[in-house]
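Enquirer: Letter by letter, the chains look like this.
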Amino acid sequence: MSVPVKEVPFAGTVPSPKTENEGMITGNWRTRRPVLDADKCTNCLICWISCPDSSVNQNADVVSFNLKYCKGCGICNEVCPVGAISLAPELDFED
Amino acid sequence: MGVKKRISGCVATANAVKLADVEVICSYPIRPYTGIMSELARMVADGELDAEFVYGEGEHGQLSVVYGASAAGARAFTGSSGVGVTYAMEVYSPISGERLPLQMAIADRTLDPPGDFGSEQTDALCCRDQGWIQGWASTPQEALDLTLLYYRIGEDPRVLLPQYACQDGYFVSHILGEVDIPDAAQVKEFLPPYKNHHVLDPRNPQIIGAQMEPSMGPGMQYQRYQAIEGSRKVIEEVHEEFGRIFGRKYAPWVEEYMTDDAEVVIFMQGGHAETCKTVVKRLRNLGEKVGLVRLRTFRPFPTQQVRDALGRFKAVGVVDNSVNFGISGAAGVLLTEARTALYGLGDKVPTVGFVAGLGGEMITHDEFYKMFAKLKEVAKAGKADKQSYWLPFEL
Amino acid sequence: MTNLFEEPGLKQITVWARGVYENKEARDVVVAVTEAAALEGKFVQAWENYVDLPDRIYVPVRAYGKISDQEIESKYVYENETPDIVALTEETLVKGVDILAGIKPGAVLVINTKRPAEYLFKFIKKGTENLASIVTVDANSLAKSIITLSGAEGATDASGIGKGMGAALAAAIVKATGIVQFESLLKIVENKNAAKKAFEKAQVVDVKTLVNAG
Ligand code: SF4
Ligand code: SF4
Numbered sequence: 001m002s003v004p005v006k007e008v009p010f011a012g013t014v015p016s017p018k019t020e021n022e023g024m025i026t027g028n029w030r031t032r033r034p035v036l037d038a039d040k041c042t043n044c045l046i047c048w049i050s051c052p053d054s055s056v057n058q059n060a061d062v063v064s065f066n067l068k069y070c071k072g073c074g075i076c077n078e079v080c081p082v083g084a085i086s087l088a089p090e091l092d093f094e095d
Numbered sequence: 001m002g003v004k005k006r007i008s009g010c011v012a013t014a015n016a017v018k019l020a021d022v023e024v025i026c027s028y029p030i031r032p033y034t035g036i037m038s039e040l041a042r043m044v045a046d047g048e049l050d051a052e053f054v055y056g057e058g059e060h061g062q063l064s065v066v067y068g069a070s071a072a073g074a075r076a077f078t079g080s081s082g083v084g085v086t087y088a089m090e091v092y093s094p095i096s097g098e099r100l101p102l103q104m105a106i107a108d109r110t111l112d113p114p115g116d117f118g119s120e121q122t123d124a125l126c127c128r129d130q131g132w133i134q135g136w137a138s139t140p141q142e143a144l145d146l147t148l149l150y151y152r153i154g155e156d157p158r159v160l161l162p163q164y165a166c167q168d169g170y171f172v173s174h175i176l177g178e179v180d181i182p183d184a185a186q187v188k189e190f191l192p193p194y195k196n197h198h199v200l201d202p203r204n205p206q207i208i209g210a211q212m213e214p215s216m217g218p219g220m221q222y223q224r225y226q227a228i229e230g231s232r233k234v235i236e237e238v239h240e241e242f243g244r245i246f247g248r249k250y251a252p253w254v255e256e257y258m259t260d261d262a263e264v265v266i267f268m269q270g271g272h273a274e275t276c277k278t279v280v281k282r283l284r285n286l287g288e289k290v291g292l293v294r295l296r297t298f299r300p301f302p303t304q305q306v307r308d309a310l311g312r313f314k315a316v317g318v319v320d321n322s323v324n325f326g327i328s329g330a331a332g333v334l335l336t337e338a339r340t341a342l343y344g345l346g347d348k349v350p351t352v353g354f355v356a357g358l359g360g361e362m363i364t365h366d367e368f369y370k371m372f373a374k375l376k377e378v379a380k381a382g383k384a385d386k387q388s389y390w391l392p393f394e395l
Numbered sequence: 001m002t003n004l005f006e007e008p009g010l011k012q013i014t015v016w017a018r019g020v021y022e023n024k025e026a027r028d029v030v031v032a033v034t035e036a037a038a039l040e041g042k043f044v045q046a047w048e049n050y051v052d053l054p055d056r057i058y059v060p061v062r063a064y065g066k067i068s069d070q071e072i073e074s075k076y077v078y079e080n081e082t083p084d085i086v087a088l089t090e091e092t093l094v095k096g097v098d099i100l101a102g103i104k105p106g107a108v109l110v111i112n113t114k115r116p117a118e119y120l121f122k123f124i125k126k127g128t129e130n131l132a133s134i135v136t137v138d139a140n141s142l143a144k145s146i147i148t149l150s151g152a153e154g155a156t157d158a159s160g161i162g163k164g165m166g167a168a169l170a171a172a173i174v175k176a177t178g179i180v181q182f183e184s185l186l187k188i189v190e191n192k193n194a195a196k197k198a199f200e201k202a203q204v205v206d207v208k209t210l211v212n213a214g
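Protein sequences, first through last, are from chains G, P and L.
The opening position of the first sequence corresponds to residue 1 in my numbering, with each subsequent residue numbered one higher.
The opening position of the second sequence corresponds to residue 1 in my numbering, with each subsequent residue numbered one higher.
The opening position of the third sequence corresponds to residue 1 in my numbering, with each subsequent residue numbered one higher.
Just chain G, same shape as in the assembly (with noise of 0.2 Å):
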């Protein structure tokens, strides 16, 4: 269905997402979540520089996940250097 002229934007142009995209919520891309062990963590951020989505949060002591965006690829599980993300069936989670 059209989306009524006036509700479309002028010549096209959408103010840029500083911090995310309303637009584009892609946290029920996941099939799999990542599951941090903050007892393994060495917080050195390489799932943070790592993940294509900007989904891992660092603003604490251990890093944490921004399951609204987060597509479940598995990268930080990959990358981590010490084992401390793991990836549990979406389902397993009831939020």
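Quick caveat, the hints were computed from the structure, so don't treat them as lab data.
Worth double-checking, as some hints may not be accurate.
The list that follows gives simulated cross-link-like pairs (lysine to aspartate or glutamate, EDC-like), each with its CA atoms no further than 16 Å apart [claimed, not checked]:
1. P:Lys-5 with P:Asp-180
2. L:Lys-125 with G:Glu-94
3. P:Lys-188 with P:Asp-21
4. L:Lys-75 with P:Glu-274
5. L:Lys-125 with G:Asp-95
Start from chain G and add chains P and L with the ligands according to the hints.
Expert: Chains P and L with the ligands alone, transformed into the frame defined by chain G:
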């Protein structure tokens, strides 16, 4: 007898290319026409088709490759969509000017913006004045048939012109429909092996596309004009022959659907006409005198046939699935062409333009219903109060 | 006006899948079921959604089928707006994807999963009012998912219709809905073994019992 299969317009076209025994193919990927090339690549890889399959480095390169192949005497095929079609623009005129009857399939895609990959006929219509034969298929079956018809028309020594065989992207190119794939012997009878008329051959050296003096210009253009005008007779003959051999009889210029005793009709081209047919049928059940006239050949434009067909009605709505910003009539090129054809009939046949299905949107049943309602008003008043309507915003 | 264009005999099948990994399997399900219906003299249509992003790994993508006793008039309506059957090639799609959007009353949901319907039902947040039953089948244990670009973009699938897991999912659909004869489906799919086992093993659960339990 051929075989019946449910295939997409892309696969239908590829099957026709195979049956036409094309010798050189040049590809470059862009949705939605890509399916034609993936299918042809598979056929070549599987040994079903013996052809040179060349990967172009872009659409300009693609057209240059088939241009050269055709000049070297090969039956050549290429295709594209959307901005790919316009990127190759420079090469179209030399191909028709040098009278090389290669074929290009176009599965329509919008130009940017909107930058989506939906269907819109603007891409192919941008090339309408390049001296190529051009028309639209409305089903996968017709996509297959158009490929065969156009090679035969274009290669006729009285014509020698390249052809754009167009189909609406996605709707015709991707949705599977039942197709009767003819057998090779039938196709051989209809389309004999390509015999080039003028060819690059070291035994008889010549220059194709030599630099010409300005004084040659008028004559060169006049030759091409004569070729496209002369093709009208050939187009009719070839359609006749096609019907005889394959049993599918297409009206060469316009297909009329439920137009007997119709008072108002829609005039359009391409796959959306299939949706319009449903609306016509349902309105007929309610006793409404409505019909559809579908244009089959856009270049050369059948001025007289369109005049004869549309001149009988009380109002005609012309659906343009393309943009021509600033054009007279404020709709699209089909409206201006239809009006030109009807010019001289005075106010007898009021015409209204409808721009619809842009950006790849389907033209819905409800939209066609509204168009017919508007046309009934126009027929009653004997004139239109507005030249054109952009759907869905203005109707 | 809407009534004027109604097609009463028309059945719509929508299959959701994961981009790249399961494009073929989703397409195979609709192609297999519609081709089986065509054998029975029905009018059919099968195609893939064009605007989903099929070249992105894991993105939810859709394939569609239509089956009717009469000629299909809405053939260029390019999305199934009111599905009768929804199938998922992968269980996680129950979470965060509006899989039941527009379903007709009495619709059936078929899921490729090892888990019980009760568990999956909890994740479905929208559209369950019209859902009649959930069918579960562990299709992955019966056949592999075939990852291929053959058949993409409307081209011919040279890898074989119903060669992989899609055959099992199609069989579960047929068992739960009777939309075609199982024998017709068997004539189309290549992996007949997977189809037979799935037909036998698929569990059909009435949604009413789930609602009461929940
Ligand atoms: S699974 Fe992929 S998307 Fe999610 S956090 Fe890890 S690297 Fe990022
Ligand atoms: S890569 Fe591993 S150790 Fe390093 S911050 Fe990430 S989880 Fe922690």
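Enquirer: Would the pair L:Lys-75 and P:Glu-274 pass a check requiring their Cα atoms to be no farther apart than 16 Å?
Expert: Answer holds: L:Lys-75 to P:Glu-274 is near 8 Å, not above 16 Å.
Enquirer: Are L:Lys-125 and G:Glu-94 close enough, with their CA atoms no more than 16 Å apart?
Expert: Holds - the C-alpha atoms of G:Glu-94 and L:Lys-125 are around 12 Å apart, at most 16 Å.
Enquirer: Verify the proposed pairing of P:Lys-188 with P:Asp-21, using a straight-line Cα cut of 16 Å.
Expert: With a Cα-Cα distance of about 9 Å, the restraint between P:Lys-188 and P:Asp-21 holds, given a limit of 16 Å.
Enquirer: Keeping to a limit of 16 Å between CA atoms, is the pair of L:Lys-125 and G:Asp-95 held or broken?
Expert: Distance of about 12 Å is within 16 Å: holds.
Enquirer: Would you check the hint for P:Lys-5 and P:Asp-180, treating anything up to 16 Å between C-alpha atoms as holding?
Expert: Between P:Lys-5 and P:Asp-180 the Cα gap is close to 7 Å, so the pair holds against 16 Å.
In summary, this structure violates none of the numbered hints.
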